[in-house]
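For chain A, the structure is supplied; the task is to place chains B, C and D on it using the hints.
There are 4 protein chains.
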Amino acid sequence: MRIKIAFTVLLIISLMSLSFIQKGRQKIVFFGDSITELGVKKGGYIDLLNNQIIRHGKSNQYELMGAGIGGNKVYDLYLRLERDVLSKEPDVVLVWIGVNDVWHKSLMGTGTDYDKFGIFYDALVQKIQAKGIKLILVTPAVIGERSDHSNPQDGELNLYANWIRKYATEKKIALVDCRKLFIDYNAKYNPKQLDKGMLTYDRVHLNDAGNQLVADAIWESIQSML
Amino acid sequence: MRIKIAFTVLLIISLMSLSFIQKGRQKIVFFGDSITELGVKKGGYIDLLNNQIIRHGKSNQYELMGAGIGGNKVYDLYLRLERDVLSKEPDVVLVWIGVNDVWHKSLMGTGTDYDKFGIFYDALVQKIQAKGIKLILVTPAVIGERSDHSNPQDGELNLYANWIRKYATEKKIALVDCRKLFIDYNAKYNPKQLDKGMLTYDRVHLNDAGNQLVADAIWESIQSML
Amino acid sequence: MRIKIAFTVLLIISLMSLSFIQKGRQKIVFFGDSITELGVKKGGYIDLLNNQIIRHGKSNQYELMGAGIGGNKVYDLYLRLERDVLSKEPDVVLVWIGVNDVWHKSLMGTGTDYDKFGIFYDALVQKIQAKGIKLILVTPAVIGERSDHSNPQDGELNLYANWIRKYATEKKIALVDCRKLFIDYNAKYNPKQLDKGMLTYDRVHLNDAGNQLVADAIWESIQSML
Amino acid sequence: MRIKIAFTVLLIISLMSLSFIQKGRQKIVFFGDSITELGVKKGGYIDLLNNQIIRHGKSNQYELMGAGIGGNKVYDLYLRLERDVLSKEPDVVLVWIGVNDVWHKSLMGTGTDYDKFGIFYDALVQKIQAKGIKLILVTPAVIGERSDHSNPQDGELNLYANWIRKYATEKKIALVDCRKLFIDYNAKYNPKQLDKGMLTYDRVHLNDAGNQLVADAIWESIQSML
Chain A
747 MRIKIAFTVL LIISLMSLSF IQKGRQKIVF FGDSITELGV KKGGYIDLLN
797 NQIIRHGKSN QYELMGAGIG GNKVYDLYLR LERDVLSKEP DVVLVWIGVN
847 DVWHKSLMGT GTDYDKFGIF YDALVQKIQA KGIKLILVTP AVIGERSDHS
897 NPQDGELNLY ANWIRKYATE KKIALVDCRK LFIDYNAKYN PKQLDKGMLT
947 YDRVHLNDAG NQLVADAIWE SIQSML
Chain B
747 MRIKIAFTVL LIISLMSLSF IQKGRQKIVF FGDSITELGV KKGGYIDLLN
797 NQIIRHGKSN QYELMGAGIG GNKVYDLYLR LERDVLSKEP DVVLVWIGVN
847 DVWHKSLMGT GTDYDKFGIF YDALVQKIQA KGIKLILVTP AVIGERSDHS
897 NPQDGELNLY ANWIRKYATE KKIALVDCRK LFIDYNAKYN PKQLDKGMLT
947 YDRVHLNDAG NQLVADAIWE SIQSML
Chain C
747 MRIKIAFTVL LIISLMSLSF IQKGRQKIVF FGDSITELGV KKGGYIDLLN
797 NQIIRHGKSN QYELMGAGIG GNKVYDLYLR LERDVLSKEP DVVLVWIGVN
847 DVWHKSLMGT GTDYDKFGIF YDALVQKIQA KGIKLILVTP AVIGERSDHS
897 NPQDGELNLY ANWIRKYATE KKIALVDCRK LFIDYNAKYN PKQLDKGMLT
947 YDRVHLNDAG NQLVADAIWE SIQSML
Chain D
747 MRIKIAFTVL LIISLMSLSF IQKGRQKIVF FGDSITELGV KKGGYIDLLN
797 NQIIRHGKSN QYELMGAGIG GNKVYDLYLR LERDVLSKEP DVVLVWIGVN
847 DVWHKSLMGT GTDYDKFGIF YDALVQKIQA KGIKLILVTP AVIGERSDHS
897 NPQDGELNLY ANWIRKYATE KKIALVDCRK LFIDYNAKYN PKQLDKGMLT
947 YDRVHLNDAG NQLVADAIWE SIQSML
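Chains as they are written, first to last, in our numbering: chain A, 747 to 972; chain B, 747 to 972; chain C, 747 to 972; chain D, 747 to 972.
Wrong hints could be hidden among the right ones.
Because identical chains share one entry, a pair is satisfied inside a single copy or across any pair of copies.
Claimed, not checked - Here are the simulated DSS-like pairs of lysine-lysine, each with C-alpha atoms no more than 27 Å apart in a straight line:
#1 Lys-788 with Lys-938
#2 Lys-938 with Lys-918
#3 Lys-926 with Lys-942
#4 Lys-880 with Lys-918
#5 Lys-788 with Lys-834
#6 Lys-938 with Lys-880
#7 Lys-917 with Lys-938
#8 Lys-938 with Lys-926
#9 Lys-942 with Lys-862
#10 Lys-862 with Lys-873
#11 Lys-938 with Lys-862
#12 Lys-873 with Lys-773
#13 Lys-912 with Lys-862
#14 Lys-834 with Lys-877
#15 Lys-917 with Lys-880
#16 Lys-938 with Lys-912
#17 Lys-873 with Lys-834
It is worth saying that the hints were derived from the structure and are not from the lab.
This one's a predicted model, so the numbers in the text were calculated from it and none came from an experiment.
Pulled out of the complex, with its shape left as it was, chain A reads as follows (with noise of 0.2 Å):
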């Protein structure tokens, strides 16, 4: 008899920890350009991410799921919402758009109107809200890394983040600002105003020293928010 009891016990306590475990494990995802598709490669920022939160033993609180796409405006990521991010049933979106909306105006006349941007942005973040999910916003970082304002398209991704920055804070949606993070960070170690090789390989894509920087500061974000 007393067997059966300590077994039931047992069992209880197994199944509550299982319970715990599976209901523990934030699902996390990202969703965003070719930054992001490269994120989750081995040293992407993903990837840093990932491997920080194991050494932090807490790999069995956090599941991070990539879902970039290279070439990706927001209006884009409107469109596969629901079947790249809602289907997967995420406790946290961080979405990471912007460089291309911008880029690509002066590389193929395809970017995206900053009336529109907005437009689009708040209808991608209402649909993900209207889930109960939760929301990271992230600026576009840089085109090009000088940092005596003279990258071509500093005016527009300013623009941009300014819409981004003021938006999470009207909503009160948790914010990393990488805008600010990179032209800081190249005030402080790039004088001899490099075009890239700072913290990007391309003047776009993050080299080591981006990746780390951004998994850093996602990291941040995510601690204080879960």
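Chains B, C and D in isolation, oriented as in the chain A frame:
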């Protein structure tokens, strides 16, 4: 017993006529850009179409509804499909889009990539068809009316129109080929290679002759369909 | 003997005054785009400069001449240098160009490549210097007046202005740094981040305050030079 | 007396042959962009033309000289006319320009305005004609080889080619209409609407068939001219 049968027959007839009335007034929503936004104004192509319906004594059969917004591109239609079209529970949706997807490339660097034009167009059509709604697709007409293939956007308009033609054929969807209609008209009546003033007043937006040409073509398409 | 001395003195005075007349009326040609084309109108920066010269009683020393044409880029100046500037045999040429070289990239796809801007600018300067004519170079001021570095063309204006600054320093040519003047002014007086209305009426062309700021800066440069 | 006559005859013959040598070897400079830069390489259109001249035993009559630089637009030719062409004292200059003037609009926002294309083109021609040098003008061929008028730059290439055709006719200057040649060729041999691989290897630069077509057309033009 006979009374019962008679009553049943009467009931069936009543229901049928009711169903006829309900089904009879086909609601057609015109979904597009500024050309369609202007189409509902007096003398616009939707207004002319409505007059034609009245003249033919068929105003109890068709209800026309404009849903055009200036500057819209295919992804703008996708964004507002639910709110501006599906919520109206139409029987038919006419989709006329593409001019801004091409034009805004050079005008403000915010046109639509060729591949994404197709992806959004298809997503739009699928969402409409999923509701059992019939479709009429329309090719973008002109940006400039010279008939010697020297309007700056001629190449891209042909490219995007070709995509729509192929898509309509493959999906067996009704097509009103405005691009072809306008080119044929100018080949015939525009030997002086005027840039505007034939079917448009400003290279893009319809003048009286343009509105009439479009209204006639859509009228024909509607009649062969419904 | 006394007669001889008196005669010599007279001769010297005569020669001095002759030399004064000849050297005195310096012809300054203002070579640029629409900003300079508007500069000769009442209240324009060249008109204000002329008033200043009259007020200082120096109208017998300076002759100002406008040579601005709307929409001009650096290679347009190069094309019309002989006809519109060198043929006037000026003592000083002020070159103010660059706004359209940057702006027309996004406005109509016909801006000037960064490297070619430098090549044409240098060719222009060399042709002017080969005639023994003095130069004043002016940096392009603004396209949009927000002071938070979020005007779309800020990055490129800074890039092209940097080139002119470096070139003027290397070649030891007088520089009026309008870009810096306008940015500093807006940093101080435009906390509301207005897009226009501070020193321009339309983001680019000078209002009264703008014309005054420019006239004052050029006046200072002229005085320290001639 | 006889000796004198003999001597005079000899002198005349000598002078005639000298004059023949001097007049005989006509120097033709090919002035253009990357297509012409590649034209001097083995198998390039200028190389093929040279082989043709040797085959016809006329290498003592013609001297061919390449002056093409990749990325050049009409104003780049204007800038380097003196240095790269006039200084060579050619008898004939072939001007083949226009592809980049159109292409760079969408490629990098630095194409050439239609009106300025004409202004620089005319200035270039006038400077060459002022030296008594003969001209051959060539229309820009293709950016994309589809023959159904759906290459994105078709409209503008036709527009700019039309300008050159009209100009050549008005000024009575020899014309090699490469645009027409390439379109006709593709209309005949490119039913599959291939984008490249017919006369170009990358939509713009000539493959073997393209180099041959161009060499033949220029050879014909040179023979009817000189």
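A quick look at each hint next to the structure:
In this homomeric assembly, Lys-788 and Lys-938 never come within 27 Å of each other (Cα to Cα): the closest approach is 30 Å inside a single copy and 43 Å across copies. Taking CA atoms no more than 27 Å apart as the test, Lys-938 paired with Lys-918 passes between copies only; the shortest distance there is 23 Å, against 38 Å inside one copy. When the C-alpha separation of Lys-926 and Lys-942 is checked against a cutoff of 27 Å, the pair qualifies both within a copy, at 17 Å, and between copies, at 26 Å. Within a single copy, Lys-880 and Lys-918 get their C-alpha atoms as close as 11 Å, which meets the 27 Å cut-off; across copies the closest is 43 Å, which misses it.
Within a single copy, Lys-788 and Lys-834 get their C-alpha atoms as close as 23 Å, which meets the 27 Å cut-off; across copies the closest is 50 Å, which misses it. In this assembly of identical chains, the alpha carbons of Lys-938 and Lys-880 never lie at most 27 Å apart, being 40 Å within a copy and 33 Å across copies at closest. Within a single copy, Lys-917 and Lys-938 get their C-alpha atoms only as close as 39 Å, which misses the 27 Å cut-off; across copies the closest is 22 Å, which meets it. Taking the shortest alpha-carbon separations for Lys-938 and Lys-926, both the intra-copy value of 19 Å and the inter-copy value of 21 Å come in at or below 27 Å.
For the identical chains of this complex, Lys-942 and Lys-862 are inter-copy neighbours only, at 22 Å across copies versus 30 Å inside a copy, given an alpha-carbon limit of 27 Å. With identical chains, the CA atoms of Lys-862 and Lys-873 are at most 27 Å apart both within one copy (16 Å) and between copies (22 Å). Proximity of Lys-938 to Lys-862 under the C-alpha cut-off of 27 Å is restricted to the inter-copy arrangement: shortest distance 23 Å between copies versus 36 Å within a copy. Taking identical chains as interchangeable, the C-alpha atoms of Lys-873 and Lys-773 lie at most 27 Å apart only when both belong to the same chain, with a minimum of 18 Å there against 29 Å between chains.
In the homo-oligomer, the alpha carbons of Lys-912 and Lys-862 lie at most 27 Å apart inside one protomer (16 Å), although the nearest pairing across protomers, at 29 Å, exceeds that limit. In this assembly of identical chains, the alpha carbons of Lys-834 and Lys-877 lie at most 27 Å apart whether taken from the same copy (12 Å) or from different copies (25 Å). In this assembly of identical chains, the alpha carbons of Lys-917 and Lys-880 lie at most 27 Å apart only when taken from the same copy (12 Å versus 39 Å across copies). For a Cα distance limit of 27 Å, the shortest separation of Lys-938 from Lys-912 across copies, 15 Å, qualifies, whereas the shortest one inside one copy, 32 Å, does not.
For the identical chains of this complex, Lys-873 and Lys-834 are neighbours both inside a copy (14 Å) and across copies (22 Å), given an alpha-carbon limit of 27 Å.
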